[in-house]
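Asks: With these hints in hand, go ahead and build the complete structure from the sequences.
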Amino acid sequence: MRKRRYLFTGMAVVLLFTILFAAGYTTPALGNVNTVQAAAKKKDISREGKKKRSIIKGKIFELEVDKPESVKDKNLTWSIKDSSIVTFAGKERHDDDIKFKALKAGTTKITCRNTKTDKKISFNIVVKNVSKTKKASSKNKTIQAKGSLKRSIRVNGELELEVKKTKGKGVKDRQLKWTVEDSSVLAFEDMDDGIYDDEMEFVGIKPGKTTVTCTNTANKEKVTFTITVK
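For reference, each letter of the sequence shown is one residue, going -22 to -1, 1 to 208 in mature numbering (1 follows the signal peptide of the UniProt record, and there is no 0).
Just so you know, these hints were derived from the structure itself, not from any lab.
Keep in mind that the hints are not guaranteed to be accurate.
Derived DEER-like restraints, expressed as beta-carbon distance ranges [to be verified]:
no., residue 1, residue 2, range
1, D151, G36, 29 to 37 Å
2, S109, M169, 36 to 44 Å
3, K150, V108, 24 to 32 Å
4, T206, T65, 15 to 23 Å
5, P46, S162, 20 to 28 Å
6, K198, T65, 34 to 42 Å
7, Q122, T65, 23 to 31 Å
8, F66, S130, 37 to 45 Å
9, T55, K119, 13 to 21 Å
10, K21, M169, 56 to 64 Å
11, Q122, D168, 36 to 44 Å
Heads up, simulated SDA-like pairs for lysine to any residue below, C-alpha to C-alpha not over 25 Å straight-line [said to hold, decoys possible]:
no., residue 1, residue 2
12, K79, S126
13, K187, G172
14, K79, E136
Using N, Cα and C, we set each Cβ at its ideal position, and we do this for glycine too.
Replies: Here it is, written out as C-alpha coordinates:
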(Lines of atoms letter the chains of each structure in order from A and count residues from 1; the text may use other names and numbers.)
(Lines give C-alpha, C1' and ligand atoms only; values in the text may rest on other atoms or scores of the structure.)
Protein backbone atom coordinates (compact mmCIF):
# COMPACT_ATOMS: atom_id res chain seq x y z
CA MET A 1 0.00 0.00 0.00
CA ARG A 2 2.83 2.35 0.96
CA LYS A 3 4.69 1.51 -2.29
CA ARG A 4 1.64 2.43 -4.35
CA ARG A 5 1.37 5.77 -2.52
CA TYR A 6 5.03 6.54 -3.31
CA LEU A 7 4.41 5.58 -6.92
CA PHE A 8 1.50 8.03 -7.22
CA THR A 9 3.56 10.76 -5.53
CA GLY A 10 6.45 10.21 -7.95
CA MET A 11 4.13 10.33 -10.94
CA ALA A 12 2.60 13.59 -9.65
CA VAL A 13 6.04 15.19 -9.29
CA VAL A 14 7.04 14.13 -12.81
CA LEU A 15 3.76 15.48 -14.18
CA LEU A 16 4.26 18.79 -12.34
CA PHE A 17 7.78 19.26 -13.75
CA THR A 18 6.50 18.39 -17.21
CA ILE A 19 3.81 21.10 -16.97
CA LEU A 20 6.27 23.69 -15.61
CA PHE A 21 8.80 22.91 -18.30
CA ALA A 22 6.20 23.22 -21.04
CA ALA A 23 4.82 26.47 -19.64
CA GLY A 24 8.14 28.06 -18.71
CA TYR A 25 10.37 27.15 -21.62
CA THR A 26 8.52 25.77 -24.63
CA THR A 27 5.91 28.54 -25.03
CA PRO A 28 8.36 31.49 -24.88
CA ALA A 29 10.65 29.78 -27.34
CA LEU A 30 7.76 29.38 -29.77
CA GLY A 31 6.80 33.00 -29.21
CA ASN A 32 10.35 34.13 -29.92
CA VAL A 33 10.36 32.22 -33.20
CA ASN A 34 7.12 33.90 -34.26
CA THR A 35 8.51 37.32 -33.30
CA VAL A 36 11.67 36.78 -35.34
CA GLN A 37 9.65 35.61 -38.33
CA ALA A 38 7.36 38.66 -38.10
CA ALA A 39 10.35 41.01 -37.90
CA ALA A 40 11.95 39.34 -40.91
CA LYS A 41 8.79 39.88 -42.96
CA LYS A 42 8.86 43.62 -42.22
CA LYS A 43 12.38 44.12 -43.57
CA ASP A 44 11.48 44.84 -47.18
CA ILE A 45 10.38 47.69 -49.40
CA SER A 46 7.06 49.51 -48.94
CA ARG A 47 5.16 52.21 -50.82
CA GLU A 48 5.75 55.92 -50.16
CA GLY A 49 2.57 57.92 -50.71
CA LYS A 50 -0.58 56.94 -52.55
CA LYS A 51 -0.86 53.98 -54.90
CA LYS A 52 -2.90 55.91 -57.49
CA ARG A 53 -1.42 59.07 -59.00
CA SER A 54 -2.95 61.55 -61.45
CA ILE A 55 -0.44 63.42 -63.62
CA ILE A 56 -0.89 66.15 -66.23
CA LYS A 57 0.52 65.36 -69.68
CA GLY A 58 4.05 66.72 -70.11
CA LYS A 59 4.82 66.85 -66.39
CA ILE A 60 7.82 65.20 -64.70
CA PHE A 61 6.99 63.38 -61.47
CA GLU A 62 8.76 61.20 -58.91
CA LEU A 63 7.85 57.87 -57.32
CA GLU A 64 9.51 56.52 -54.19
CA VAL A 65 9.62 53.36 -52.09
CA ASP A 66 10.70 53.12 -48.48
CA LYS A 67 13.45 50.58 -47.82
CA PRO A 68 15.42 49.32 -44.80
CA GLU A 69 19.20 49.82 -44.74
CA SER A 70 19.71 46.15 -45.61
CA VAL A 71 18.19 46.70 -49.07
CA LYS A 72 20.65 48.17 -51.58
CA ASP A 73 19.64 50.57 -54.38
CA LYS A 74 21.19 48.24 -56.96
CA ASN A 75 18.65 45.57 -56.00
CA LEU A 76 15.68 47.82 -56.83
CA THR A 77 14.49 47.59 -60.42
CA TRP A 78 11.75 49.83 -61.88
CA SER A 79 9.60 48.95 -64.88
CA ILE A 80 6.77 50.61 -66.83
CA LYS A 81 3.89 48.58 -68.26
CA ASP A 82 3.14 51.03 -71.11
CA SER A 83 6.10 53.26 -71.97
CA SER A 84 4.08 55.12 -74.60
CA ILE A 85 2.12 56.77 -71.77
CA VAL A 86 4.92 57.28 -69.24
CA THR A 87 8.69 57.07 -69.70
CA PHE A 88 11.76 57.41 -67.50
CA ALA A 89 12.88 61.04 -67.15
CA GLY A 90 16.54 60.00 -66.81
CA LYS A 91 18.92 57.05 -67.14
CA GLU A 92 18.54 55.83 -63.55
CA ARG A 93 16.68 52.52 -63.15
CA HIS A 94 17.97 51.29 -59.76
CA ASP A 95 17.16 53.55 -56.81
CA ASP A 96 14.54 54.07 -54.11
CA ASP A 97 13.20 57.13 -55.95
CA ILE A 98 12.92 57.55 -59.71
CA LYS A 99 11.67 60.40 -61.93
CA PHE A 100 9.26 59.82 -64.82
CA LYS A 101 7.66 61.94 -67.55
CA ALA A 102 4.01 61.78 -68.60
CA LEU A 103 3.84 61.52 -72.41
CA LYS A 104 0.16 61.20 -73.29
CA ALA A 105 -3.26 60.65 -71.72
CA GLY A 106 -3.91 57.11 -70.54
CA THR A 107 -3.47 54.64 -67.70
CA THR A 108 -0.43 52.52 -66.91
CA LYS A 109 1.33 50.78 -64.04
CA ILE A 110 4.84 51.39 -62.70
CA THR A 111 6.46 48.70 -60.56
CA CYS A 112 9.49 48.64 -58.28
CA ARG A 113 10.86 45.13 -57.57
CA ASN A 114 13.35 44.01 -54.95
CA THR A 115 15.40 41.47 -56.91
CA LYS A 116 16.61 39.82 -53.69
CA THR A 117 13.17 38.96 -52.32
CA ASP A 118 10.99 39.44 -55.44
CA LYS A 119 8.81 41.84 -53.41
CA LYS A 120 6.94 44.19 -55.77
CA ILE A 121 5.44 47.63 -55.16
CA SER A 122 3.11 49.00 -57.86
CA PHE A 123 1.77 52.47 -58.62
CA ASN A 124 -1.26 53.11 -60.83
CA ILE A 125 -0.64 56.16 -63.01
CA VAL A 126 -3.38 58.14 -64.75
CA VAL A 127 -2.14 60.75 -67.24
CA LYS A 128 -4.60 63.50 -68.13
CA ASN A 129 -4.63 66.20 -70.79
CA VAL A 130 -4.50 69.84 -69.71
CA SER A 131 -8.06 71.10 -69.40
CA LYS A 132 -9.24 73.74 -71.88
CA THR A 133 -10.12 76.01 -68.97
CA LYS A 134 -6.52 76.08 -67.77
CA LYS A 135 -5.23 76.74 -71.27
CA ALA A 136 -7.63 79.64 -71.68
CA SER A 137 -6.74 81.18 -68.33
CA SER A 138 -3.00 81.08 -69.12
CA LYS A 139 -3.63 82.90 -72.39
CA ASN A 140 -5.39 85.69 -70.49
CA LYS A 141 -2.38 86.33 -68.26
CA THR A 142 -0.40 89.51 -68.87
CA ILE A 143 2.74 88.31 -67.04
CA GLN A 144 4.19 84.87 -66.31
CA ALA A 145 7.22 83.63 -64.41
CA LYS A 146 10.33 83.04 -66.46
CA GLY A 147 11.93 79.91 -65.04
CA SER A 148 11.07 78.08 -61.84
CA LEU A 149 8.90 79.65 -59.14
CA LYS A 150 11.13 78.06 -56.48
CA ARG A 151 14.76 79.19 -56.20
CA SER A 152 17.65 78.62 -53.80
CA ILE A 153 20.72 80.81 -53.20
CA ARG A 154 23.42 81.13 -50.56
CA VAL A 155 24.03 83.98 -48.13
CA ASN A 156 25.65 86.90 -50.05
CA GLY A 157 24.74 85.15 -53.29
CA GLU A 158 23.03 87.06 -56.11
CA LEU A 159 19.76 86.10 -57.77
CA GLU A 160 17.95 87.49 -60.79
CA LEU A 161 14.20 87.00 -61.18
CA GLU A 162 12.30 87.77 -64.34
CA VAL A 163 8.74 87.77 -65.62
CA LYS A 164 7.68 87.34 -69.21
CA LYS A 165 5.27 89.93 -70.60
CA THR A 166 2.53 88.51 -72.83
CA LYS A 167 2.70 89.93 -76.35
CA GLY A 168 -0.17 92.13 -77.39
CA LYS A 169 -1.21 92.99 -73.81
CA GLY A 170 0.58 96.33 -73.77
CA VAL A 171 2.41 95.70 -70.50
CA LYS A 172 5.08 98.31 -69.69
CA ASP A 173 8.11 97.81 -67.44
CA ARG A 174 7.04 100.78 -65.31
CA GLN A 175 3.83 98.89 -64.42
CA LEU A 176 5.69 95.92 -62.92
CA LYS A 177 6.39 96.41 -59.21
CA TRP A 178 8.57 94.04 -57.17
CA THR A 179 8.23 93.43 -53.42
CA VAL A 180 10.03 91.18 -50.90
CA GLU A 181 8.05 89.63 -48.06
CA ASP A 182 10.99 89.38 -45.62
CA SER A 183 13.84 91.77 -46.45
CA SER A 184 15.92 90.41 -43.54
CA VAL A 185 16.33 87.17 -45.54
CA LEU A 186 16.53 88.56 -49.08
CA ALA A 187 17.00 92.17 -50.25
CA PHE A 188 17.13 94.16 -53.46
CA GLU A 189 20.70 94.27 -54.74
CA ASP A 190 20.52 97.93 -55.79
CA MET A 191 17.60 100.12 -54.76
CA ASP A 192 18.96 102.97 -56.90
CA ASP A 193 17.70 101.15 -59.99
CA GLY A 194 14.14 101.21 -58.63
CA ILE A 195 11.68 98.38 -58.09
CA TYR A 196 9.81 98.62 -61.41
CA ASP A 197 10.98 96.39 -64.27
CA ASP A 198 10.40 93.00 -65.89
CA GLU A 199 13.53 91.68 -64.16
CA MET A 200 15.10 92.36 -60.78
CA GLU A 201 18.27 91.37 -58.91
CA PHE A 202 18.42 90.32 -55.27
CA VAL A 203 21.03 89.28 -52.70
CA GLY A 204 20.81 86.69 -49.90
CA ILE A 205 21.12 88.23 -46.42
CA LYS A 206 20.68 85.32 -43.99
CA PRO A 207 19.41 81.71 -44.03
CA GLY A 208 15.65 81.47 -44.30
CA LYS A 209 12.71 81.40 -46.68
CA THR A 210 10.72 84.27 -48.15
CA THR A 211 8.64 85.22 -51.19
CA VAL A 212 9.23 87.78 -53.92
CA THR A 213 6.24 89.12 -55.85
CA CYS A 214 6.01 90.96 -59.14
CA THR A 215 2.70 92.81 -59.53
CA ASN A 216 1.23 94.29 -62.69
CA THR A 217 -0.12 97.49 -61.15
CA ALA A 218 -2.46 97.97 -64.12
CA ASN A 219 -4.63 94.95 -63.30
CA LYS A 220 -3.20 93.68 -59.94
CA GLU A 221 -2.07 90.40 -61.52
CA LYS A 222 0.78 88.81 -59.54
CA VAL A 223 3.62 86.34 -59.99
CA THR A 224 5.13 85.04 -56.74
CA PHE A 225 8.51 83.33 -56.34
CA THR A 226 9.53 81.33 -53.25
CA ILE A 227 13.17 81.87 -52.33
CA THR A 228 15.27 79.81 -49.92
CA VAL A 229 18.52 81.32 -48.67
CA LYS A 230 21.01 78.75 -47.35
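Asks: Each hint: holds or not?
Replies: Status of the hints after comparison with the structure:
no.: 1; hint: D151 with G36: 29 to 37 Å; in the structure: holds, 31 Å
no.: 2; hint: S109 with M169: 36 to 44 Å; in the structure: holds, 42 Å
no.: 3; hint: K150 with V108: 24 to 32 Å; in the structure: holds, 30 Å
no.: 4; hint: T206 with T65: 15 to 23 Å; in the structure: violated, 30 Å
no.: 5; hint: P46 with S162: 20 to 28 Å; in the structure: violated, 42 Å
no.: 6; hint: K198 with T65: 34 to 42 Å; in the structure: holds, 41 Å
no.: 7; hint: Q122 with T65: 23 to 31 Å; in the structure: holds, 27 Å
no.: 8; hint: F66 with S130: 37 to 45 Å; in the structure: violated, 26 Å
no.: 9; hint: T55 with K119: 13 to 21 Å; in the structure: violated, 43 Å
no.: 10; hint: K21 with M169: 56 to 64 Å; in the structure: holds, 58 Å
no.: 11; hint: Q122 with D168: 36 to 44 Å; in the structure: violated, 25 Å
no.: 12; hint: K79 with S126; in the structure: holds, 17 Å
no.: 13; hint: K187 with G172; in the structure: holds, 23 Å
no.: 14; hint: K79 with E136; in the structure: violated, 32 Å
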